[in-house]
Amino acid sequence: MRIVNAFDPEFSLSAEKEYELYLEGNNQMLQLAVYDSSQNAFVGVKQYFAESGEETDPVAALFNNESDLIGHKYQKVTYAYSSFRAMLVPQSLFDADHLQDFLKFHHKIDDNEKIMYHFIPSAEAFLIYTCPTDTENLLKSKFASINIKHHAIPFIQLALNKTTDSHLPVVHLFLGQDFFDMMVMKQGKILLFNSFYYQKYTDVMYFLVNVSNLFSIPPHHSHMFVGGNIEHTQYTNIVKELKTIFPFINEENLPDNLSYAKEILALPAHQLKTLVGLKLCV
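Every position in the sequence shown, counted from 1, becomes a number in my numbering once 18 is added.
Simulated from the structure, these hints should not be mistaken for lab results.
A couple of the hints might just be wrong.
List of simulated lysine-lysine pairs, BS3-like, C-alpha gap at most 27 Å [as the list claims (entries may be wrong)]:
#1 K180 with K91
#2 K35 with K64
#3 K94 with K297
#4 K64 with K91
#5 K122 with K180
#6 K261 with K180
#7 K297 with K258
#8 K180 with K297
#9 K122 with K132
#10 K35 with K204
#11 K297 with K91
#12 K207 with K122
#13 K132 with K297
#14 K160 with K91
#15 K35 with K280
#16 K132 with K158
#17 K180 with K204
#18 K126 with K35
#19 K297 with K160
#20 K261 with K218
#21 K132 with K94
#22 K261 with K64
#23 K158 with K91
#24 K204 with K258
#25 K280 with K297
#26 K160 with K64
#27 K35 with K122
#28 K261 with K126
#29 K180 with K280
#30 K218 with K297
#31 K261 with K204
#32 K158 with K35
#33 K207 with K261
#34 K258 with K218
#35 K94 with K126
#36 K297 with K207
#37 K207 with K180
#38 K258 with K158
#39 K64 with K158
Being a predicted model, the structure only gives us computed values, none of them experimental.
Go ahead and model the full structure; you've got the sequences and the hints to work with.
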């Protein structure tokens, strides 16, 4: 397992520290960020990336090896499950009594998954998603109080907050380990939010071209923003290929209304945007 540490040299787990903890992960990766309320800044990031064929769960690895970090008494703890299974439902159509009915249109729900939902005010919609019950139980056994969300919540919310030329269509991509999210917007309105499985960059290109044709999005007259919590080399290669068709691609930066230790700024921003974006989610 590849582990990355990026902490302020003055970082301390002393009891008086007023920290918030944000986590994002699945069975292939896990990353956490520590926010210092007294400094109004993120002061540390730790990342776990499972190697190919490795069966160790990064979440379990964190809890087994980082007792001091996990054992600190945090003011707030939020975990975002990063997965393919999520669906955006307009507020006018949402019904909390029929969550499974909504999801089953696009996703197969396993017996070991719990269906959850979260309202995104700026989208005027609810995100319905799942989280493995084993993960939920493990998190709740370690933290007295924890909010369980989904990576798509900050992905959608940050995309809606981004200002671009309103007359041009905008495509937002989030690249996960074996899936990617795509959100299409025109004039500030969401036309599409969907997730697709992929194995190589040509799969991403295939879905992107088809969606672009469906919504009449001209590659040379549109904006595209690409982020994701995948390895930096893989991300760079995919972005390079996408630029052959969609030249106006912007690689994601960290939210500029938050502050970060310089050690965090040295990490690839595309990996951290939805993680630190959890701080901004309502």
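Can the restraint linking K261 and K218 be considered satisfied, given a maximum Cα separation of 27 Å? 15 Å, holds
For K122 and K180, compute the direct alpha-carbon distance and say whether it is at most 27 Å. Not OK: K122 and K180 at ~31 Å, beyond 27 Å, violated.
Against the 27 Å threshold, does the CA-CA distance of K132 and K158 hold or violate the hint? 14 Å, holds
Can you confirm whether the C-alpha distance between K180 and K204 stays at or below 27 Å? Roughly 13 Å between the alpha carbons, so the hint for K180 and K204 holds.
Between the alpha carbons of K122 and K132, is the straight-line distance 27 Å or under? Distance ~13 Å between K122 and K132 Cα, so the pair holds.
Is the hinted pair K158 and K35 satisfied, with a Cα-Cα distance of at most 27 Å? OK: K158 and K35 at ~22 Å, within 27 Å.
Given hint K122 paired with K207 - CA-CA distance at most 27 Å: At roughly 25 Å apart (the allowed maximum being 27 Å), K122 and K207 satisfy the hint.
For the pair supplied as a hint, K258 and K158, confirm whether the alpha-carbon distance does not exceed 27 Å. The hint is violated at about 41 Å.
Does K91 lie within 27 Å of K160 when you go C-alpha to C-alpha? Measuring from Cα to Cα gives roughly 11 Å; hence the hint holds.
Does the alpha-carbon distance linking K261 and K204 stay inside the 27 Å limit? 21 Å, holds
Can you confirm whether the C-alpha distance between K132 and K297 stays at or below 27 Å? Answer holds: K132 to K297 is near 23 Å, not above 27 Å.
Given the proposed pairing of K261 with K64, does the C-alpha separation stay at or below 27 Å? Since the Cα atoms of K261 and K64 sit roughly 30 Å apart, the hinted pair is violated (cutoff 27 Å).
When each numbered hint is compared with the structure, violations occur for hints 1, 5, 7, 10, 18, 22, 27, 28, 30, 35 and 38.
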